[in-house]
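S.K.: If you want the building blocks of each chain, they are given just below.
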Amino acid sequence: MSFTAMDLHSPDTASLLKVYGIGDAEIETLHAWKAHLEGGGFERVVADFYTWLQRQPEYEEFIDNPETERRLRRLQTTHLVSLVSGEFDDRYFSNRTRVGEVHARIGLPLHSYHGAMNHLCLCMLRQLPPDVDPLGATVTLLRVLHLDTALVALAYSRYANDRVAAQSKALLEMSTPVTEIWRGVLLLPIVGIIDSGRAQDIMTGALTKISSSRARVFIMDISGVAVVDTAVANYLIKVTRATRLMGCECIVSGVSPAIAETIVELGIDVGTIVTTGTLMQALVLAFDRVGLSVEQSGRAG
Amino acid sequence: MKRSRWRVATEADVHLIVAESYKALEALGARPVQAAKFTTAVSELARNILKYADRGYIEFVELVEDNRVGMRAEVTDKGPGIADIELALADSYSSSGTLGLGLPGVRRLAHRFEIESEVGKGTRVLIEMWVR
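Residue numbers (our numbering), protein chains in the order written: chain A, 1 to 301; chain B, 1001 to 1132.
Think of the hints as simulated: they come from the structure by calculation, not from any bench.
Note that the coordinates shown come from a computational prediction; the quantities given were computed from them, not determined experimentally.
Ideal placement from N, C-alpha and C gives every residue a C-beta, glycine not left out.
Check before you lean on any hint, since a few could be wrong.
Quick list of simulated restraints, FRET-style, between CB atoms [said to hold, decoys possible]:
1) A/170 / B/1059: 26 to 34 Å
2) A/117 / B/1091: 52 to 60 Å
3) A/146 / B/1059: 55 to 63 Å
4) A/182 / B/1059: 45 to 53 Å
No farther apart than 35 Å at their CA atoms in a straight line, the calculated lysine-lysine pairs in the DSBU-like style are these [said to hold, decoys possible]:
5) B/1002 / A/238
6) B/1121 / A/209
7) A/238 / A/209
8) B/1078 / B/1051
9) A/18 / B/1121
10) A/34 / B/1121
11) A/34 / B/1078
12) A/34 / B/1051
13) B/1051 / B/1023
14) B/1051 / A/209
15) B/1078 / A/209
16) A/34 / B/1002
17) A/18 / B/1023
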């Protein structure tokens, strides 16, 4: 069996139980624990745990009033009951995922969570049922708590990934500023990476602005783009075709020597696309297209 | 010998790998054109994985010989494989409706190019670039 990070992001219940070695024998042991803890035992484990938790630095920061503590104690008792009930179904799993999300969102460090689970393990072991094999019961508890913590850790990492994705999306959305630098002349400096999503943003942004400004020249400056592979070149070619259909000439400026050589080796046919090495050359071309010329005024220089 | 292995499964993976590849080449003392060529080749191969194989891996190995240094990238996937490598290496061939170009271009960009592929098993491409 092989796992990749992708699979682990959406593990199914059965394969997780198999990996963590939780089968009928383990569930039977958990049931013995449950029988032992009913009638006040669960509350004793939670009280034991909170005696420790109250001495931790995280306690003051995250549990700021008695009502919160009462609510959390109730939730933890419920969790312990469901843990030793051994009903590891989709509901249990989504429940743990939600717990992970909640902890990640308030910024509780993962090692604090894991440390607390580690201590909870000790509190449970202090309430070992009398008529079970202590080693077997300990191993069962470790397996179940490790699985439980893994689900929370997965939720933490998913939360972090989602946040990074949302941030970079927000950043990219702000990064296609098509500006009218002169009447009839638009400029879009592209910095960084062009992917399919960003290419679509560029296309939409450029065409919208061409339509509203009735621009006749659109300059795309790619001096901030490190790599132009065939996919990126395809995007650029499509943008130039679309702008041309709207009666607007497209100039791709900022083609560095390294990119020029790479494009030739790749064998990309840039066809009729107008390209320039520098933005200045592109500006001269653009002004020419719209019937303007730049002259030295004689006052400066 | 420095070695690093990366998973390729999303566009974001490709971006990260492309950025790292460029930095690694610069760190070896590559000229901009060498960094651009190698990184573009890496980008082509990584995008091919997304396009055809869904997921795969890239492993970079720093090459050191008596009087030169360079970089190797080994790109592997367990995708559908390439039925006719000769055809895939011919200019303007594409089985996915886009500008083909990828593989013949990659071959021209690198100093060494190797490809192995078996239908139904996957593809392995190796490229090397010497920088000085």
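S.K.: Hints first: check each against the structure and report whether it holds.
M.R.: Evaluation of the provided hints:
1. At about 33 Å, the beta-carbon gap between residue 170 of chain A and residue 1059 of chain B stays in the expected band of 26 to 34 Å.
2. A hinted range of 52 to 60 Å for the beta carbons of residue 117 of chain A and residue 1091 of chain B is consistent with their spacing of about 59 Å.
3. Hint check: residue 146 of chain A to residue 1059 of chain B, Cβ distance near 31 Å, so the stated range 55 to 63 Å is violated.
4. One distance hint, 45 to 53 Å for the beta-carbon pair residue 182 of chain A and residue 1059 of chain B, holds here, with the actual separation near 49 Å.
5. In summary, the hint linking residue 1002 of chain B to residue 238 of chain A is not supported, as the alpha carbons are separated by about 40 Å, beyond the 35 Å threshold.
6. A C-alpha spacing of about 48 Å is found between residue 1121 of chain B and residue 209 of chain A, which places the hinted pair above 35 Å, so the restraint is violated.
7. At roughly 17 Å between alpha-carbon atoms, residue 238 of chain A and residue 209 of chain A fall within 35 Å of each other, so this suggested pair holds.
8. Proximity of residue 1078 of chain B to residue 1051 of chain B is assessed by CA-CA distance (about 13 Å); at most 35 Å being required, the pair is judged to hold.
9. Among the hinted pairs, residue 18 of chain A with residue 1121 of chain B is consistent with the structure: their alpha-carbon atoms are about 28 Å apart, no more than 35 Å.
10. Under the criterion of a C-alpha separation no larger than 35 Å, the hint pairing residue 34 of chain A with residue 1121 of chain B is inconsistent with the structure, at around 50 Å.
11. The straight-line distance between the Cα atoms of residue 34 of chain A and residue 1078 of chain B is roughly 47 Å, outside the 35 Å bound, and the hint therefore fails.
12. For the proposed pair residue 34 of chain A and residue 1051 of chain B, the alpha carbon gap of about 52 Å is over 35 Å, so the pair is violated.
13. Under the criterion of a C-alpha separation no larger than 35 Å, the hint pairing residue 1051 of chain B with residue 1023 of chain B is consistent with the structure, at around 25 Å.
14. Under the criterion of a C-alpha separation no larger than 35 Å, the hint pairing residue 1051 of chain B with residue 209 of chain A is consistent with the structure, at around 32 Å.
15. Proximity of residue 1078 of chain B to residue 209 of chain A is assessed by CA-CA distance (about 44 Å); at most 35 Å being required, the pair is judged violated.
16. The hinted pair formed by residue 34 of chain A and residue 1002 of chain B fails the criterion: a straight-line CA distance of about 53 Å is larger than 35 Å.
17. Simply put, residue 18 of chain A and residue 1023 of chain B have alpha-carbon atoms about 42 Å apart, too far for the 35 Å limit, and the pair is violated.
Hint check: violations occur at hints 3, 5, 6, 10, 11, 12, 15, 16, 17; the rest are consistent with the structure.
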